[in-house]
Every structure is written in structure tokens, then in C-alpha cells.
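Take a look at the letters that make up each chain.
There are 2 protein chains.
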Amino acid sequence: MLIIGEKLNSAIPGVRQIMEAKDAAAVQDLAVRQAAAGVHYLDVNTAHCGDETAYMEWLVRTVQEVTDTPLCIDSTDGSVIRKALEVAKGNKNKILINSISMEKNRLDQVLPLVLEYQCPVIGLTVDDNGIPKTVEDRISIAGRMVDLLAKEGYNLDNLYIDPLVLPLAVSHGNALIFFECLSEIKRQFKVKTVSGLSNISFNMPKRKIINRYFLAICMAHGMDAAILDPLDKKIMTAVTAVELLMGKDPFGKNFLKAYRKDMLED
Amino acid sequence: MLIIGEKLNSAIPGVRQIMEAKDAAAVQDLAVRQAAAGVHYLDVNTAHCGDETAYMEWLVRTVQEVTDTPLCIDSTDGSVIRKALEVAKGNKNKILINSISMEKNRLDQVLPLVLEYQCPVIGLTVDDNGIPKTVEDRISIAGRMVDLLAKEGYNLDNLYIDPLVLPLAVSHGNALIFFECLSEIKRQFKVKTVSGLSNISFNMPKRKIINRYFLAICMAHGMDAAILDPLDKKIMTAVTAVELLMGKDPFGKNFLKAYRKDMLED
Numbered sequence: 001m002l003i004i005g006e007k008l009n010s011a012i013p014g015v016r017q018i019m020e021a022k023d024a025a026a027v028q029d030l031a032v033r034q035a036a037a038g039v040h041y042l043d044v045n046t047a048h049c050g051d052e053t054a055y056m057e058w059l060v061r062t063v064q065e066v067t068d069t070p071l072c073i074d075s076t077d078g079s080v081i082r083k084a085l086e087v088a089k090g091n092k093n094k095i096l097i098n099s100i101s102m103e104k105n106r107l108d109q110v111l112p113l114v115l116e117y118q119c120p121v122i123g124l125t126v127d128d129n130g131i132p133k134t135v136e137d138r139i140s141i142a143g144r145m146v147d148l149l150a151k152e153g154y155n156l157d158n159l160y161i162d163p164l165v166l167p168l169a170v171s172h173g174n175a176l177i178f179f180e181c182l183s184e185i186k187r188q189f190k191v192k193t194v195s196g197l198s199n200i201s202f203n204m205p206k207r208k209i210i211n212r213y214f215l216a217i218c219m220a221h222g223m224d225a226a227i228l229d230p231l232d233k234k235i236m237t238a239v240t241a242v243e244l245l246m247g248k249d250p251f252g253k254n255f256l257k258a259y260r261k262d263m264l265e266d
Numbered sequence: 001m002l003i004i005g006e007k008l009n010s011a012i013p014g015v016r017q018i019m020e021a022k023d024a025a026a027v028q029d030l031a032v033r034q035a036a037a038g039v040h041y042l043d044v045n046t047a048h049c050g051d052e053t054a055y056m057e058w059l060v061r062t063v064q065e066v067t068d069t070p071l072c073i074d075s076t077d078g079s080v081i082r083k084a085l086e087v088a089k090g091n092k093n094k095i096l097i098n099s100i101s102m103e104k105n106r107l108d109q110v111l112p113l114v115l116e117y118q119c120p121v122i123g124l125t126v127d128d129n130g131i132p133k134t135v136e137d138r139i140s141i142a143g144r145m146v147d148l149l150a151k152e153g154y155n156l157d158n159l160y161i162d163p164l165v166l167p168l169a170v171s172h173g174n175a176l177i178f179f180e181c182l183s184e185i186k187r188q189f190k191v192k193t194v195s196g197l198s199n200i201s202f203n204m205p206k207r208k209i210i211n212r213y214f215l216a217i218c219m220a221h222g223m224d225a226a227i228l229d230p231l232d233k234k235i236m237t238a239v240t241a242v243e244l245l246m247g248k249d250p251f252g253k254n255f256l257k258a259y260r261k262d263m264l265e266d
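First to last, the sequence lines map onto chains A and B.
Heads up: the first sequence runs through residues 1 to 266, numbered per the numbering used here.
Heads up: the second sequence runs through residues 1 to 266, numbered per the numbering used here.
If you are wondering where the hints come from, they were derived from the structure by calculation, not from laboratory data.
Any given hint could be a false lead.
Pairs count within a copy or across copies, as identical chains cannot be separated in the list.
Once the Cα atoms are required to be at most 25 Å apart in a straight line, the calculated DSS-like pairs of lysine-lysine come out as [what the hints assert, rightly or not]: (1) 233 / 151; (2) 261 / 133; (3) 190 / 234; (4) 151 / 94; (5) 234 / 261; (6) 233 / 208; (7) 208 / 83; (8) 133 / 92; (9) 89 / 133; (10) 248 / 206; (11) 261 / 208; (12) 83 / 190; (13) 186 / 83; (14) 206 / 257; (15) 261 / 206; (16) 253 / 206; (17) 261 / 190; (18) 133 / 248; (19) 261 / 22.
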């Protein structure tokens, strides 16, 4: 499973502080520790800082001084993503763009960049009518996105659809709807899927417990990637254990390696 | 989900000791604590004690002095099960029999008791050729069992099929085979499914971690019952969290109740 480290996100108050203070050492520490934890991408988001574009430029340069781990550029603003792509070192087509959707404004701004740089991209199942309540309507948006990208000659292996989980506190069927979306998207379009973990437990106690079992069941439904905190030993233990259970860890090699390195936390 | 408390099993060395010592207080303590933890059945097994039948009779009487929680009579020996059924108080048709299989000797001995008392029963997908390696062959045994019970007029709502998990340490596809069996048995025969949790992690370190995520994924595949240690707070937390995620806990009522009672362990 592909792991996208979520720590360098300005939505986290403490992280926003170190970004606004341009505390390079603190930002680099978060980057290096996430990379060491084995993430495949480092999410970078400056949407909650003053000048999103300027902070993004600084953040991309600062992170890339200390790690080659590919970046996941997290913004709703095309100009911010463009700036990040311009200043990033290395192969631009290794950068994951987070995200497009079927909202017209977002498509107009971000899709051209995805196509120009042929980047992998996260596609949200939302359009100008909002996030649909039903599985069918989310699948329908996913289908329109797949068709559009295929028509543009985009390599669909690089598309990660996020069917957008809504909180259980809003409706007790919301996780089930999400699991069905994961299965259906895979079955109908053969594209990859991705999710964040924290929305599911919004407004509930013991959120990390809910998030971990949510991740496990998503992985059992074939989810390909997750945006998570790789410094949380218990969530990383869940990833390792579920990959073992899903037959993706021959001879339990990774599980046993994690055990020997004392990385499994009960 | 139906929970069968596994603690009163003579295969556990310390439990065998208290059984062989006829330590009624210790046995009753295990019974009462499991009942208080919310189990639906108490498994009782004396197969590792000297005289299995005599110990079973004592165990059934001793446990039923302190709790009305239905028993799950766990033996491969028809005469042991018959004795347990005879001495048990209350409605005999509430007793879960653990287990039948398609092995001729076991069928001949135990099936008549199941039919005579119309008890719920656990049915193992094994026949005289052993536990099949493939999903197809286990489904085939399940199908023969369903047909046989239906022909005998047995209420199939009372049948819990256990597709018998084999250790990941033996083959890294063993959990996946089990998950597929759960889905297929439900899809083809509409009967209930059950499993123990510990075989999956045999010969691996950090077994409880593997067992918990195994349980979570089994529940996501619609498993109806599990034989587990209800005194293990983390495994019970997994049950509560996964029922929430699977849409079986409207308004998160049980999850929040468990939280307020400090029963959720991270």
C-alpha cells in the first residue's frame, strides 16, 4: 500500500505555526522522520498560511533540501500547484497532485497541470452539486472523471480516486457507503483508490481506534493508498498487519522485519 | 455479532489445572467475568482433562450455578456432548454444539444429538479427506452439510459454518482463502459463519495484533460469530469499533456506551 505522510499540512495548528515562522529545521525534521517511517509521498499543504503560494514555494524547497521522497502537492488552487511544480527538483512526473474533482473551477485550474506534467493525481468524487450521498452518484462522478482523463490520453494507472468518506457521526451508514464505493470503483474502472482516515471519526471519542479499523477494512476492500500519520506506530502496525493478512507479505517478511525493529505496537 | 467466550477450555494449561483440581470458584469466576463482558455463549471444553465426560458434567453444573448465559458444548465426542445436554439446566435448544463436520464418525455421533435437541451448531468444513486447501473444496463441503441438514428438516438459521482458518505461517494466502470462504458461504447458502481467531497467527510474534485485524476483516466480510477471549479489552474494542464501521451501531450508541464505561482500549 502506498502511504502518503500527512504531517506537513497547515491544517494542523502546530505545523501551521512552524511554517509561518519559516522554521526550516522543524519542517525538515517532520519530512525526514516521515521519510524514515517509509512513506511513499510527503503531502505538503500551505492553504492555512498567509500567502499560500509563497509558503508552498518555501516548503517545497525546504523539504527537498533533506529528502528525495516524492511530494504530494495538496492545494485547491491551480496557481499554488503550478508554483510547486515549477520549483520542485527531480522528475516532475513523480509528483502526486492532490487533487482534482469534477467541480468546474477545480478542473479548469488543475487538470491542465496534471496533463502537462503527466503527474499522478488524486481525484475526488465531488462535483458542483457537492458530495453525493449515494454510492451510485459517487460512482457516476468517478466514471465521468475516468472518461474525461482517458479522452485526454492520461495514463489511468496514475489516477487515485478518493470516494470521500463522510463522518459516522453524521450517518451510521457512511463507512459502509465508502467501502462499497471502493469495491465498485475497482470493479467498474480498474483504477486505484485512496482515502484520508480522520473524517470517518469526526465528533467521536477515541478517534484513532475508529481510524485504524477503518483503514483495515478499506485495505481489505483493495484500497491502494492512504493519507495518514506515519509517525503513529499503531496505524503503521495496522498497515503491516493487514498487508500480511491480505496475502501481500510473502513469508511475513515485512511483518517479521517490523517486529525485529520493534516497530509493531499493540 | 455473536461472541462465544473461549476461556473455559481445557486446552489452556491454567484452565485445565483449575478444572482438574475441580476448583469451582475459579471456574465460576471465569464464567461470571465472561458473562459480564457480554458474551452470548460460554464455550466449555474438557477434552484435555482425564475423563472428558465426567469433567464436562461437573463443568456444566458448576458454570450453570452462577450464570444463565447459554453454553457452547465443545467436544468431538458424541457421548460427552450427550452428557452435557442431559445435565444442562434450561432450554436445551439454546445450547450451541461445537461442532459437527462432514467426517463420517463425527456426523454419526453428533448429528443425531443436534437433530434430537434442535440445537444451534457449528459446522466445520472438513471431511475424511482433511481440511481442503482451496476455497472451492471448502465451499463444496459446506454445501454438502447444508443439503444434509436441510434434508433432515433442520432450521438452517441455527447453522454456523466455520471454514477453518489455517496459519499464515504455513501459507501467506491462508487468511485470504478464509475471507473468500466467508463471502462465498454467505452468498451461496445464506447461512451464518463463525471462526476462532488464534490459528491465523500460529508461530508468529505479536499474535494478538494479527488476531485483532483478522477479526476486523472477517467482520467486514459478514462473519456472524467469533470464538474469542472476551476479557481481552483490545479485542472487544475491535468488535465495538468494527460494528460501528459496518453500520450496525445506529447513532454509535454502543460505541459511546463502551467509551463512557471505559471499555475501549487503544
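Here is what the structure says about each hint:
1. 233 / 151: neither (42 Å within a copy, 52 Å between copies)
2. 261 / 133: neither (43 Å within a copy, 33 Å between copies)
3. 190 / 234: neither (30 Å within a copy, 36 Å between copies)
4. 151 / 94: within (22 Å within a copy, 61 Å between copies)
5. 234 / 261: both (14 Å within a copy, 23 Å between copies)
6. 233 / 208: Both: 11 Å inside a chain and 16 Å across chains, each within 25 Å.
7. 208 / 83: neither (34 Å within a copy, 47 Å between copies)
8. 133 / 92: This pair counts as neither: shortest intra-copy Cα distance 35 Å, inter-copy 47 Å.
9. 89 / 133: Neither. Shortest intra-copy (40 Å) and inter-copy (51 Å) distances fail the 25 Å Cα cut-off.
10. 248 / 206: Cα proximity of residue 248 and residue 206: across copies only (18 Å, versus 29 Å in one copy).
11. 261 / 208: Intra 23 Å, inter 18 Å, cutoff 25 Å: intra and inter.
12. 83 / 190: neither (32 Å within a copy, 56 Å between copies)
13. 186 / 83: neither (33 Å within a copy, 53 Å between copies)
14. 206 / 257: Close across copies (12 Å), not inside one copy (29 Å); limit 25 Å.
15. 261 / 206: between (27 Å within a copy, 13 Å between copies)
16. 253 / 206: This pair counts as between: shortest inter-copy Cα distance 14 Å, intra-copy 31 Å.
17. 261 / 190: neither (36 Å within a copy, 44 Å between copies)
18. 133 / 248: between (33 Å within a copy, 19 Å between copies)
19. 261 / 22: neither (34 Å within a copy, 44 Å between copies)
The structure shown violates the earlier hints numbered 1, 2, 3, 7, 8, 9, 12, 13, 17 and 19.
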